[in-house]
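Student: Chains as they are written, first to last, in the numbering used here: chain C, 26 to 468; chain H, 19 to 843; chain B, 12 to 215.
Derived from the structure by calculation, the hints contain no laboratory data.
Do not take every clue at face value.
Straight line, CA to CA, 25 angstroms or less: simulated PhoX-like cross-link-like pairs of lysine-lysine [stated by the list, open to error]:
#, chain 1, residue 1, chain 2, residue 2
1, C, Lys92, C, Lys359
2, H, Lys104, H, Lys155
3, H, Lys103, H, Lys155
4, C, Lys422, C, Lys338
5, C, Lys218, C, Lys92
6, B, Lys117, B, Lys81
7, B, Lys117, C, Lys388
8, C, Lys388, H, Lys150
9, H, Lys155, C, Lys388
10, C, Lys359, B, Lys81
11, C, Lys277, C, Lys359
12, H, Lys104, C, Lys388
13, C, Lys218, H, Lys228
14, C, Lys422, H, Lys104
15, C, Lys422, C, Lys92
16, H, Lys150, H, Lys104
17, C, Lys218, H, Lys155
18, C, Lys359, C, Lys388
19, C, Lys388, C, Lys422
20, H, Lys150, B, Lys117
21, H, Lys150, C, Lys359
22, C, Lys218, C, Lys422
23, C, Lys422, H, Lys103
Predicted model, so just to flag it, every value in this text is computed and none were measured.
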Amino acid sequence: MSPAERVLITTSRWDQADGHTLAGYERTGGYTALKRALEMTPAAVHEEVRTASLLGRGGAGFPAGVKWGFLPAEVWPRYLVVNGDESEPGTYKDRILMERDPHQLIEGSVITCYAMGLTQCFLYVRGEMAFAQERIAAALDEAYDAGYVGRNILGTELSVDVILHWGAGAYIVGEETALIESLEGNRGMPRLKPPFFPAAIGLYGQPTIVNNVETLANIPWIVNNGGEAFAAMGADASTGTRIFAVSGHVQKPGVYEVEFGTTTFRDIIMGEDLAGGIRGGNDLKAFIPGGASAPWFYEEHLDLPLEKAVVDKAGSMLGSGAIVVMDHTTDAVKACHNVVRFFARESCGKCSPCREGTSWLEKILLRILAGHGRRSDLDLLLDVCDNISPGLDWPPKQTTICPLGPSAVAPIASAIERFADEFHAYIEGNRLSVTAAGAEGQA
Amino acid sequence: MSEPVTFTVDGAQVRTEPGTLLITACEDAGVYIPRFCHHERMNPVGMCRMCIVEVDIGRGPALQPSCMLTVSEGMVVHTESEVTKKAQDGVLEFLLINHPLDCPVCDKGGECPLQDQTMAYGPGESRFVEEKRHFAKPIPVNANVLLDRERCILCDRCTRFADEVVGDPLIHFLDRGNETQVNTFPDQPFASYFSGNTVQICPVGALTAKPFRFKARPWDLEEVVSTYPNPMGDRIAVQSSRDQVLRFQGIDSDPVNWGWLTDKERFSFEAFQSDHRLTDPLVRGHGLNQADPDGDELVASNWSRALQTVADAIAASEPERIAFLGGARLTNEAQYAWTKLAKGVIGTDNVDALLGDELPAHALLGLPRATIDEACRPGGTIVLIGPDPKEQLGTLYIRLRHAVLEDGAELIELTPTATGLSSIAAARLHARPGEVGAVARALVSGQAAADVGGVPGADIEAARALLGGPVTVVLGRASVAESVEPTLEAAEAFRGLEDTRFLLAIRRGNTMGALDMGMHPGLLPGRTTLGTGRGAFGGVWPTVPETVGSDTAAILAAGAAGELDVLVLLGVDPLGDALDPELAQAALDTTPTVVAVDLFPTPSVRAAHVVLPAAAFTESSGSHTNLEGRITAIRQKVTPPGTARADWAIAAELAGYLGADLGIESHADVWAELAPLSAVHRDVDAAAIEADEDGVLVTATGRVSFEAPDRHVELSPLDAYALRLVASRRMYDQGTLVQQSPHLAGLAAPSSLRVNSYDFNRLGVDPGQEVRVVSATGALDIGVLADDSVPRGVAVIDYNRSGADCRVLLDPDATSLDVRIETGT
Amino acid sequence: MARLSADNERIAHEIIARYPRPKSATIPLLHLAQEQDGWVSEEAMAHVAELVGATPAEVLGTCSFYEMFKRQPVGRYQVNICHGISCHLLGADELLHHAEETLGIKGGGVTDDGLFSLEGVECIAACTDAPCLQVNYRYVDNVSPAYFDELIEDIRSDARPDIPPHGTLARIRQRVPADRAAGPAMLEGAQAPPWLARNDGGDR
Ligand SMILES: Cc1cc2nc3c(=O)[nH]c(=O)nc-3n(C[C@H](O)[C@H](O)[C@H](O)COP(=O)(O)O)c2cc1C
Ligand code: SF4
Ligand code: FES
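The shape of chain C in the complex, shown without the other chains (with noise of 0.2 angstroms):
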């Protein structure tokens, strides 16, 4: 499929240079879809979405249509909390969507209050994000002027307001429990749950729909075009489209809205229009296929689609989209202490298990690169992990209360299990050339 021909939901706007304006999103079809659900009932309208199977895009892939449907009765007030705290390694789409097109996110997050009775919405930007929340600012500024937000929302009993509010740097305020705490002015540390989801217990208590920003950004298409045509698009469950940034050693690192489901990661990422196969004719080493939280996917894999349940079956996950590729010339102990150390840096701290077993496993797989590794390092760190993810099972078992902790595990377990002699050259003090070559494949 060449670009031309893929059907485009979220990412239409991107090579608009006014699609950000109020203008230019007017002008390419912004807020028919809100005028179209303000004629149908609220109801209609959330089954639409329902209709569309529209999975969550933030990483855990549920359905949206059905997590609203959590939301329990005559219980308010009800929020809308927009995750817009991307920060996953890898993962590197809804700044853009938030940046090219905040309308569209806009235009989202509204219909979703209209059809849900929600009465406020937060959309919470990562605190890096600065330019990302300039345009939001300034979208919301003509959206309210324009009467597409706050009261009486195009002269009608919908009273909406959308407020902008920053993040300030930190990885696991993505997770939407630590998202709500964070919204309260907390430190960003995850509630348990169950017992009690947000769409039941969330900000202030609360009944409230958490939902990232991508979902939401499908939400007008979907009203425009029926749940039925988002659903015709992808495979079974794995509707519509999904937005992948395929980055590292690939030769067009990019961020490309796919067909979900049908796509194969060959075709993303050996793709001629897509990612363009591995840099300088390198090997294909291995590939991350959904954020650093997935176990690594290889040569092997390359033929599965973009599909949730077949991704999770082959024992990794889609996650929040982020594909990244590494060529022969990767030190694999490298790539896994790197990843290692995001969670070490990122754990909230609250559970025994994250704070003490990730930095633990950090220290470990540290010293083995500074050549003071042992042979027993390696039993050390998969009994550290089995600690903190009992098992090592996939999808991950856990002694935490949110999966940062055992993410931490995946690429151990992967990077132990297929390049154990790497680590091991480590530990015998004869590093190998592998690490010399990653230098070289840099220049």
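With the hints as your guide, set chains H and B with the ligands onto chain C.
Tutor: Quick look at chains H and B with the ligands alone, frame taken from chain C:
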């Protein structure tokens, strides 16, 4: 009640109440799951992960924190499985890798859950060869509590306690991840009245208390469960080593204090050990212990000489020229013994344990009482008409706060100024001093078209809507700058409201016991009057007074007028504590024989002629009656210093010197004598008190009825330059126990005057400025502070703090007191 | 280094009014303080605490959780070099070393002239343009060592006016016009939103 649920733990079927946490249900079934962060009296956080166990709810076993999970029907729990064990061992290892393992020098060594669990569950050899996390060693988080962040396992107990339980979030998690630490804001200490509780609940030795740091190893401590003789009757463990009390710990008493204590109680153990304790009887004399009735100092004596001196003075006098003040510090048994001595042997009714600053006896005995649990019941409404519980009744504050925050009780605050509970009150009706009665009437009647007593009518009407269900009025005196009538008017208004009971916010420890034991003019033991009880007591006691005697004010007046021969002070210091210090001074100066029974050389003790050293509550046994009427055991742990004796024994011996036999040879004898005489104490005996740690609740109303106030004074409107005064007590003041406790004395700030910043502008003064406060009766120089929790037009002054004694301003009979602020210029 | 200025305090009150609970404004107000002073001082935290009705300890607890809040002065230009996995694969470590050499400071340090501070940071969501960095949260993509030196030179010579001093995040602050605002969804007295009546055939 919903049906019990059945679940399986380690193969055994167990039934439990639905909604029970798994960790608790297992413990009830005899299966202890290790834990660090979980605490029965706080919301679960599931932080430490120590309590994870394999739980199967039909979808296969999964690891779950048992402290966050409620038991459900058919749940199968494995606390001993391989997977559970491995996970728990793993968590323990994680907690230990950065822990300094300095158990040999740690105060917690020997009573440390981390240490215990390491022995029981943990792996032996450390696999952690990396550098440990380092923090500067113990840092003070306040004057009395030290924090060692290297030992801390980040269980969130202390921080949750500070935030949830007492509303003082002054310690907090700082930083993130592996760097997380507990700390205060720089230079802002954990100034909480309750900070010592964090030391008690810290599951490791991270928080330690200066007053008992390195005093003893926990395994050297022996303890008894006892009652702290404060109004709440907080249950405590008295711990000692080598006959020295070294620590008080809260006991989790379900109906009372839930394990919590204020620092004022917790750290007061030092007072009882203090070198200032009175150890031997003292009599007037001079020079080298030369006794001489006209001597100008107190010299050491012995019991026989001292008691003989007192007996001679009593024998030489007439009953009506003899008076007894105080008694609220005593055990119930000692109170009975002294009442019997005074009223039944000597025959005087001049006995008063109320010092004129409590509610009157008829209110304390005659209003229908609520228990703490009743006050705190879900769905109930609490009306606070009285002092700030956070300042004066610490553990009641905690209970009320919990009721409002966690159990859905509603709070209406009907106080002159904001209190520690204001932020969680559903209605804040800050009545102008002297006008609480009017506001209460408007609230109860629901008729408040206009403003009443400075409270907007709309606020009163909104609050009225909260009075639908059961109501508990927490009733006490919010201020000693207004007479008691407005408070009684308020009580009268609420008495008329259906389903309303009263929880009485008293000030002195065993005031309820004192009244129950008849230590007030006109009363006999058993909540009865001279008139009604005469028959019964006349049959057992040598005599019963004919006429109603004098109360505190009248006793002091009589003393000052030379109408008393003997004045016995039972643990009171009228010079420091009476509302009218000049009158007290005159009474002590004029009365020929002043006898003080006390623990410490207070100003009044120093002015006495005979001083009899008494045993503290840690040194004698008996019982205590709390503000509900709950009688709980006080148990001796150590021997009294020197020759100090139990108060009841002093009364019994003195009776002997007067040629009478009190018939009391142990504290148990009191109940044997009283039960047949007192309708309300019929079922109380020493064995019953001993048998139930929750004590015996004496709820029956006696023969004393509440007297509605007959005078209702319309207050003149405040003139534009005056402020209406509130004089209220703070947790730490010049009180004897605080001042005798080295780690508490410094916490009592000097007295200050607090005024709304609006009035600052109006009156043209600056915060911090030294001003002159002038009332109709006196004037006082004091520093003035801005405090916007004080309503406009009101000035709040601390009672009984150093620097400025506000008693010069007071007029005990005035319904309210207006003062003017004068600046030097 | 101080409390919020009168102007900023006014903005603070506007922000607070957008939330059902004032404490929610904690992070935005800390950003405001950092915008004012370039970092977040104790005085500022205490002031924020007053404004949102929390204790200073609570505000510090929040403040210290988030990486972007600097509780010590940092350079006028905070250079954050991404060392997330994608950038790592494409030479982030080398770039960081190079930056340390060029600036003469280690990661975490501040140059003597107070102009630059340097940090290696986790993924900044520009992975397809690795290696990348941010200066005061403005992106610079595909950074080679030479490009890095050029960038630093440009900043030193005031050739990058598009990069505001550290602390300034979005230069456009959302307005919520009073005549258009729906108002915060307060918990007290909340009722079903009127438009849901349409589900029951109400209205249209
Ligand atoms: C550690 C962690 C980090 C996460 N980070 C993000 C994130 O940056 N953005 C996001 O949308 N969801 C993130 N999530 C997922 C959210 O918890 C949540 O599932 C999601 O926002 C729901 O939106 P969706 O249903 O539209 O995907 C994260 C989850 C975890 C456990
Ligand atoms: S797993 Fe880690 S990040 Fe998640 S709640 Fe626990 S400590 Fe925090
Ligand atoms: S006791 Fe359950 S997690 Fe700490």
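Student: All hints, please: hold or fail.
Tutor: A quick look at each hint next to the structure:
Restraint check for Lys92 of chain C and Lys359 of chain C: the C-alpha separation of about 39 angstroms exceeds 25 angstroms, so the hint is violated. Between Lys104 of chain H and Lys155 of chain H, the direct Cα distance comes to roughly 32 angstroms. Violation of the 25 angstroms bound is thereby established for this hinted pair. For the proposed pair Lys103 of chain H and Lys155 of chain H, the alpha carbon gap of about 33 angstroms is over 25 angstroms, so the pair is violated. As the CA atoms of Lys422 of chain C and Lys338 of chain C are separated by approximately 15 angstroms, the hinted pair is consistent with the 25 angstroms bound.
As the CA atoms of Lys218 of chain C and Lys92 of chain C are separated by approximately 14 angstroms, the hinted pair is consistent with the 25 angstroms bound. Using a Cα cut-off of 25 angstroms, the hinted pair Lys117 of chain B and Lys81 of chain B holds, with the two alpha carbons roughly 17 angstroms apart. A C-alpha spacing of about 20 angstroms is found between Lys117 of chain B and Lys388 of chain C, which places the hinted pair at or below 25 angstroms, so the restraint holds. Under the criterion of a C-alpha separation no larger than 25 angstroms, the hint pairing Lys388 of chain C with Lys150 of chain H is consistent with the structure, at around 11 angstroms.
For the given pair, Lys155 of chain H sits about 24 angstroms from Lys388 of chain C by alpha-carbon distance, which is consistent with the 25 angstroms threshold. Distance restraint check for Lys359 of chain C and Lys81 of chain B: the Cα-Cα separation of roughly 29 angstroms exceeds the 25 angstroms cut-off, and the hinted pair is therefore not satisfied. Between Lys277 of chain C and Lys359 of chain C, the direct Cα distance comes to roughly 23 angstroms. Compliance with the 25 angstroms bound is thereby established for this hinted pair. Taken as a hint, the Lys104 of chain H and Lys388 of chain C pair is honoured in the structure, with Cα atoms around 22 angstroms apart against an allowance of 25 angstroms.
For a cut-off of 25 angstroms, the pair hint linking Lys218 of chain C to Lys228 of chain H is broken: about 40 angstroms separates their Cα positions. Taking the CA atoms of Lys422 of chain C and Lys104 of chain H, the gap is near 13 angstroms; set against the 25 angstroms cutoff, the hint holds. Proposed proximity of Lys422 of chain C and Lys92 of chain C is supported: the alpha carbons are some 23 angstroms apart, at most 25 angstroms. About 23 angstroms separates the Cα atoms of Lys150 of chain H and Lys104 of chain H, which keeps this hinted pair within 25 angstroms; it holds.
Between Lys218 of chain C and Lys155 of chain H the CA atoms are separated by roughly 36 angstroms; this puts the pair beyond 25 angstroms, and the hint is violated. Proposed proximity of Lys359 of chain C and Lys388 of chain C is supported: the alpha carbons are some 13 angstroms apart, at most 25 angstroms. Between the alpha carbons of Lys388 of chain C and Lys422 of chain C the distance comes to roughly 23 angstroms, so the proposed pair stays at or under 25 angstroms and holds. With a C-alpha separation of about 23 angstroms, the suggested pairing of Lys150 of chain H with Lys117 of chain B holds against the 25 angstroms cut-off.
Among the hinted pairs, Lys150 of chain H with Lys359 of chain C is consistent with the structure: their alpha-carbon atoms are about 23 angstroms apart, no more than 25 angstroms. Restraint check: the Cα-Cα separation between Lys218 of chain C and Lys422 of chain C comes to about 15 angstroms, which is no more than 25 angstroms; the hinted pair holds. The hinted pair formed by Lys422 of chain C and Lys103 of chain H meets the criterion: a straight-line CA distance of about 15 angstroms does not exceed 25 angstroms.
This entry does not satisfy hints 1, 2, 3, 10, 13 and 17, going by the numbered hints stated previously.
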